[in-house]
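Participant: The chain contents come next:
4 protein chains.
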Amino acid sequence: MATFSERQRQVKQQAAQEAIFDAALKVISGASLEGLKMQDIAAAAGVATGTLYNYFKNKEELLYYVDQRLHDQILSKAIEIAHAPVAAGQRLSLLLQEIFSFAATYHLVFDLAERSGIVDRIPVQEKQELLDQAVATFQFILEDGVAEGAFRKVDTRKTAAVFFDAVIGILEIQKYVGTYDFTQAGLDLLGLFREYLQPDPFMPERNE
Amino acid sequence: MATFSERQRQVKQQAAQEAIFDAALKVISGASLEGLKMQDIAAAAGVATGTLYNYFKNKEELLYYVDQRLHDQILSKAIEIAHAPVAAGQRLSLLLQEIFSFAATYHLVFDLAERSGIVDRIPVQEKQELLDQAVATFQFILEDGVAEGAFRKVDTRKTAAVFFDAVIGILEIQKYVGTYDFTQAGLDLLGLFREYLQPDPFMPERNE
Amino acid sequence: MATFSERQRQVKQQAAQEAIFDAALKVISGASLEGLKMQDIAAAAGVATGTLYNYFKNKEELLYYVDQRLHDQILSKAIEIAHAPVAAGQRLSLLLQEIFSFAATYHLVFDLAERSGIVDRIPVQEKQELLDQAVATFQFILEDGVAEGAFRKVDTRKTAAVFFDAVIGILEIQKYVGTYDFTQAGLDLLGLFREYLQPDPFMPERNE
Amino acid sequence: MATFSERQRQVKQQAAQEAIFDAALKVISGASLEGLKMQDIAAAAGVATGTLYNYFKNKEELLYYVDQRLHDQILSKAIEIAHAPVAAGQRLSLLLQEIFSFAATYHLVFDLAERSGIVDRIPVQEKQELLDQAVATFQFILEDGVAEGAFRKVDTRKTAAVFFDAVIGILEIQKYVGTYDFTQAGLDLLGLFREYLQPDPFMPERNE
DNA sequence: AATGAATGAGTATTCATTCAT
DNA sequence: TATGAATGAATACTCATTCAT
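Chains R, L, E and P supply the protein sequences, listed in that same order. Heads up: the first sequence begins at 1031 in the working numbering, then just goes up one per residue. Heads up: the second sequence begins at 1031 in the working numbering, then just goes up one per residue. Heads up: the third sequence begins at 1031 in the working numbering, then just goes up one per residue. Heads up: the fourth sequence begins at 1031 in the working numbering, then just goes up one per residue.
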């Protein structure tokens, strides 16, 4: 078992992929989106175009990888925020800020999957799972809020789903108009849900 | 009096544009999405490629026209529903159904507008106006509902905005996963907002 | 013999051709040269494109006609100057001015024949004849000058030929650089030939 | 030291350009003239069309390069002849022969430069410079001839200019008629200038 | 004769991918 | 493994010409 050289190879492999990921992200986030050339990514990564094909079967796979990585990043960040030791209402607000901030920086990347056609290649199940995780993160906060008594007893799944829908809608709308100013829409969203989740003063439920 | 021949010419012009619009819609909605060829549209319209250029300056303008036409269609349909002589809550539901049904049929066209980059060519103001009109339609129904006493007194602008965000989010999410099944998300959305808009039993407001 | 209607037809025909000629000249002289469209000529002539084809078999013939007409114009003007009742030396100068002035105005037309490829269609004999006539015009002036004693006895054919060569060369060079300033080159040419043609003071030939 | 590989790369680059140049020349000089296709050049060079674009930004630049190369060739050849160790009169004759011979071979290329509109892209200054160099070459010979006592003392600049004009005129005329037979015109030109430059027998100037 | 909408062939250029070195 | 030159398929748009009215 050539464990050592094998591991060495893996390390190199990962380092290269990492470099390519960074380069691709830079190129994608950088400019226009129309015309994301493999050559540009290679140049940004400081390697030859042919080298890209040693790490990714083709352009689609490379973009798929970038897409996944970003999903992982934002999702793990979201989960971190969801578990932060602060009030549920505040966590909701923080998470929203994080998402909008991320979107403002990497909005081109959101188009990526769609425009490059790789969406069709991702299994439906995988996509559904990603969405479920996202909704689950919101739901987690909501349930915490209900448990804390900060929120009234609502159908947390449904509430999280609608909340998530609205978040995605806001991102999409801002992408459409081109101005990535989420403040007004974000405030509206938080305001409405705060109201919706407000505990009923005449029914002061203490959850155990 | 050149009125007659002039009118005749306009009629022919419109008929041709109409035929091309239908053909483009058919081609776009029909199949692959990657690679919408002018030739295909021409073939579908039963004319030569050159003929397309008698009615549209270039591909972009043709797609822009198709995009606008669809926006007009869905918007006028929405306004019609908003003014239908039925209860506000039902109008909300009907409108949602209409939008989802429309999206299920023409989603490829919406993709195309985005992917072909024509979105960037539309003035921000125009895009903003379209969104405002859409939100205004929802708001109109909400205000009617409040007036009818069917909904409690809420900030209709904010509520309409968030509702619209959620609708767009649902469309986007369904586009992402590829299954255009809006039932669950639609029910969740309607359910949540019905609850949110439910008149307070202890504050029986009678609007005149 | 339908002489009357026949003549009428001819008159109309000529009028139409004339209008088209004027329009073509305007369009050609007007702008860039790249892209001389039949439609533009038709528009300038105030007729439909199809109408052009009632008077000219195709684009080539139309351009050929324009080309010929211009040749006729400059040539007849040249002959007129050649026969003007002034000193031979002055006629040479006047003719040069006329040619350069004409070229400055219609230089695009000179390219016409060449760039539109109609040159290849004109019979060599016809082209040769045109050149011969041009040279003959110069030669005519030279012979007059020799007869007047203003020029010394030279081989007028050869002298006229070289003179003509230089004139064409000047036109070509100015076309090449794009600035149509013929003054310096014209002065050089006239100066050299005046000197060349200067009667030998020691051999005062009186040609009868 | 990247010198070696760098030099190697340059050599390959030059070799490729050279091959493309040869191919373009062959294609252009070869046949029709109307419709010079990049594909044809690529095929003649034995490469794919895309390869052409590794060496030339676009068609225009390729043609520009060919044009420049030919100018350089004829000019250096001209200068070489101008400095040949033979009598000035003979050098004049040789140079004329060389130019005519060159033109007979490559006239299509000169046409092409004009017809493809690349002439407009060359800076006026550059074109003027080329012309100046050409005239200067003739002037150099003339001055030598004057110094040798073979020619009489003339204004060499003016004489060279007119001589050059006539040469260009001859080329243009022969291009126009299509027969590239320069003999008669060449003889006339040389004859006239020999006479013009003939030293005055009564004024035996000894230069130095 | 006049119209002018319809025709449709023809071509430069890009860029993901390969493969000899 | 890295290189990067070579590959070659794929597509929008123009404009001379036609012909039904």
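Among the hints, a few may not be true.
Said to hold, decoys possible - With beta-carbon atoms standing in for the labels, derived distance ranges:
| # | chain 1 | residue 1 | chain 2 | residue 2 | range |
| --- | --- | --- | --- | --- | --- |
| 1 | L | 1102 | E | 1089 | 41 to 51 Å |
| 2 | P | 1147 | E | 1046 | 50 to 60 Å |
| 3 | E | 1047 | P | 1158 | 36 to 46 Å |
| 4 | R | 1081 | L | 1162 | 48 to 58 Å |
| 5 | L | 1088 | P | 1147 | 16 to 26 Å |
| 6 | E | 1042 | L | 1155 | 25 to 35 Å |
Said to hold, decoys possible - Straight-line Cα separation of at most 27 Å, BS3-like style, residue types lysine-lysine; simulated pairs:
| # | chain 1 | residue 1 | chain 2 | residue 2 |
| --- | --- | --- | --- | --- |
| 7 | R | 1089 | P | 1205 |
| 8 | R | 1157 | L | 1205 |
| 9 | P | 1107 | E | 1205 |
| 10 | L | 1188 | R | 1205 |
| 11 | L | 1183 | R | 1089 |
| 12 | R | 1067 | L | 1089 |
| 13 | L | 1067 | R | 1067 |
| 14 | P | 1183 | E | 1067 |
| 15 | R | 1056 | R | 1188 |
| 16 | E | 1089 | P | 1205 |
| 17 | P | 1042 | R | 1067 |
| 18 | L | 1067 | R | 1089 |
| 19 | P | 1183 | E | 1183 |
| 20 | L | 1089 | P | 1087 |
| 21 | E | 1067 | E | 1042 |
| 22 | R | 1188 | L | 1205 |
| 23 | L | 1087 | L | 1188 |
| 24 | E | 1067 | P | 1089 |
| 25 | E | 1107 | P | 1205 |
| 26 | R | 1183 | L | 1188 |
| 27 | P | 1188 | E | 1183 |
| 28 | L | 1157 | R | 1205 |
| 29 | L | 1089 | R | 1188 |
| 30 | E | 1205 | P | 1188 |
| 31 | L | 1089 | E | 1067 |
| 32 | E | 1205 | P | 1205 |
| 33 | E | 1157 | P | 1205 |
| 34 | R | 1183 | L | 1183 |
Unchecked claim - Stretch-level coverage of chain R by chain L, calculated; a stretch enters the list once three of its residues show a Cβ under 8 Å from a Cβ in chain L:
| # | region |
| --- | --- |
| 35 | 1068-1078 |
| 36 | 1122-1131 |
| 37 | 1156-1170 |
| 38 | 1202-1208 |
Note that these hints are calculated values from the structure, not bench results. Note that the structure is predicted; figures quoted are calculated from it, not measured. Backbone N, C-alpha and C define an ideal beta-carbon position, used for all residues, glycine too.
Participant: Compare the structure with the hints numbered earlier in the document and write down the numbers of the violated ones, lowest to highest.
Facilitator: Of the numbered hints, 2, 6, 7, 11, 14, 15, 23, 29, 35 and 36 do not hold.
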